[in-house]
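Counted from 1, the sequence shown has number 61 at position 61 by full-length UniProt numbering; the numbering is strictly sequential.
Hints are supplied without guarantee of correctness; some may be wrong.
As the list claims (entries may be wrong) - What follows is a list of derived Cβ distance ranges for each label pair: (1) E120 / A25: 48 to 56 Å; (2) P76 / T47: 20 to 28 Å; (3) F78 / D37: 21 to 29 Å; (4) D60 / K6: 31 to 39 Å; (5) V14 / G124: 19 to 27 Å.
Said to hold, decoys possible - In silico SDA-like pairs for lysine to any residue, Cα to Cα no more than 25 Å straight-line: (6) K71 / A86; (7) K122 / A137; (8) K71 / K102; (9) K140 / M85; (10) K6 / V19; (11) K102 / Y57; (12) K6 / A29; (13) K6 / D16; (14) K140 / G124; (15) K71 / M85; (16) K102 / V23; (17) K122 / I134; (18) K102 / K122; (19) K102 / F56; (20) K71 / V96; (21) K102 / I92; (22) K71 / Y57; (23) K122 / L132; (24) K71 / N89; (25) K139 / G124; (26) K122 / S109; (27) K122 / E133; (28) K102 / A44; (29) K71 / I84; (30) K102 / E120; (31) K102 / K6; (32) K122 / K139; (33) K71 / L132; (34) K140 / D129; (35) K71 / F83; (36) K102 / F27; (37) K71 / A29; (38) K140 / K122.
Bear in mind the hints are in silico, worked out from the structure with no lab data behind them.
These figures come from a predicted structure and were not determined experimentally.
C-beta: ideal position from N, C-alpha, C; glycine also.
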Amino acid sequence: MIQEFKDFIAKGNVMDMAVGIIVGAAFTAIVTSLVGDIINPIIALFTGGIDFSGWFYALDGGEYASLQAAKDAGAPVFAVGSFIMAVINFFIIAFVVFLLVKMVNRIRSAAERPDEVAPEVKTGPSELDVLLEIRDALKK
Numbered sequence: 001m002i003q004e005f006k007d008f009i010a011k012g013n014v015m016d017m018a019v020g021i022i023v024g025a026a027f028t029a030i031v032t033s034l035v036g037d038i039i040n041p042i043i044a045l046f047t048g049g050i051d052f053s054g055w056f057y058a059l060d061g062g063e064y065a066s067l068q069a070a071k072d073a074g075a076p077v078f079a080v081g082s083f084i085m086a087v088i089n090f091f092i093i094a095f096v097v098f099l100l101v102k103m104v105n106r107i108r109s110a111a112e113r114p115d116e117v118a119p120e121v122k123t124g125p126s127e128l129d130v131l132l133e134i135r136d137a138l139k140k
């Protein structure tokens with residue numbers, strides 16, 4: 001069983017998947033920062049200062065200064081801003097994955113395509129062929 005596990009881990013696909021998961025986790029942190037620190041402030045600028053990250057509705061009817069204050073008080077909340085940020089994160093990640101898949105497919109199709117063969121160019125007879133022809137003509 002241990003040998004079977006070693007064989008499974010040693011396969012290339014498992015290692016590729018592990019690298020993909022690690023890179024994906026790091027990429028998610030970058031996208032979260034992009035959305036929270038760059039995209040949301042730009043959206044807030046165009047929407048008159050609305051900050052989506054703090055947009056929430058307390059279901060208990062209470063007034064809370066922030067989403068974190070409502071959560072600390074144990075109030076049930078609809079965290080609309082957090083959901084909007086998650087949707088934006090999803091679309092950015094989906095777009096980047098689309099670009100990566102498109103690039104990989106282009107590389108694969110280029111690799112699968114047979115090399116373009118240059119058309120054969122007639123070069124004429126070689127020097128040896130000409131000499132042999134002259135020899136044969138002189139023999140007659």
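Hint check:
1. E120 / A25: 48 to 56 Å: holds, 54 Å
2. P76 / T47: 20 to 28 Å: For T47 against P76, whose Cβ atoms are near 26 Å apart, the range 20 to 28 Å holds.
3. F78 / D37: 21 to 29 Å: Because 24 Å falls inside the window, the suggested range holds.
4. D60 / K6: 31 to 39 Å: violated, 55 Å
5. V14 / G124: 19 to 27 Å: Violated, at about 58 Å.
6. K71 / A86: With Cα atoms ~18 Å apart, K71 and A86 stay inside 25 Å; holds.
7. K122 / A137: holds, 24 Å
8. K71 / K102: violated, 42 Å
9. K140 / M85: Violated - the C-alpha atoms of M85 and K140 are around 94 Å apart, more than 25 Å.
10. K6 / V19: holds, 18 Å
11. K102 / Y57: violated, 40 Å
12. K6 / A29: violated, 31 Å
13. K6 / D16: Distance ~16 Å between K6 and D16 Cα, so the pair holds.
14. K140 / G124: Distance of about 24 Å is within 25 Å: holds.
15. K71 / M85: holds, 18 Å
16. K102 / V23: Cα-Cα ~18 Å, so holds.
17. K122 / I134: Holds: K122 and I134 sit about 21 Å apart, inside 25 Å.
18. K102 / K122: violated, 41 Å
19. K102 / F56: violated, 38 Å
20. K71 / V96: violated, 33 Å
21. K102 / I92: The hint holds at about 15 Å.
22. K71 / Y57: holds, 11 Å
23. K122 / L132: holds, 19 Å
24. K71 / N89: OK: K71 and N89 at ~23 Å, within 25 Å.
25. K139 / G124: holds, 23 Å
26. K122 / S109: Measuring from Cα to Cα gives roughly 32 Å; hence the hint is violated.
27. K122 / E133: holds, 18 Å
28. K102 / A44: violated, 33 Å
29. K71 / I84: Answer holds: K71 to I84 is near 18 Å, not above 25 Å.
30. K102 / E120: violated, 35 Å
31. K102 / K6: violated, 33 Å
32. K122 / K139: Judged against 25 Å, a Cα distance of about 28 Å means the pair is violated.
33. K71 / L132: The hint is violated at about 98 Å.
34. K140 / D129: holds, 17 Å
35. K71 / F83: holds, 15 Å
36. K102 / F27: Holds, because 18 Å separates the two Cα atoms, which is no more than 25 Å.
37. K71 / A29: The hint holds at about 23 Å.
38. K140 / K122: Given pair K140, K122 is violated - Cα atoms ~29 Å apart, limit 25 Å.
When the structure is compared with the earlier hints, violations turn up for hints 4, 5, 8, 9, 11, 12, 18, 19, 20, 26, 28, 30, 31, 32, 33, 38 and for no others.
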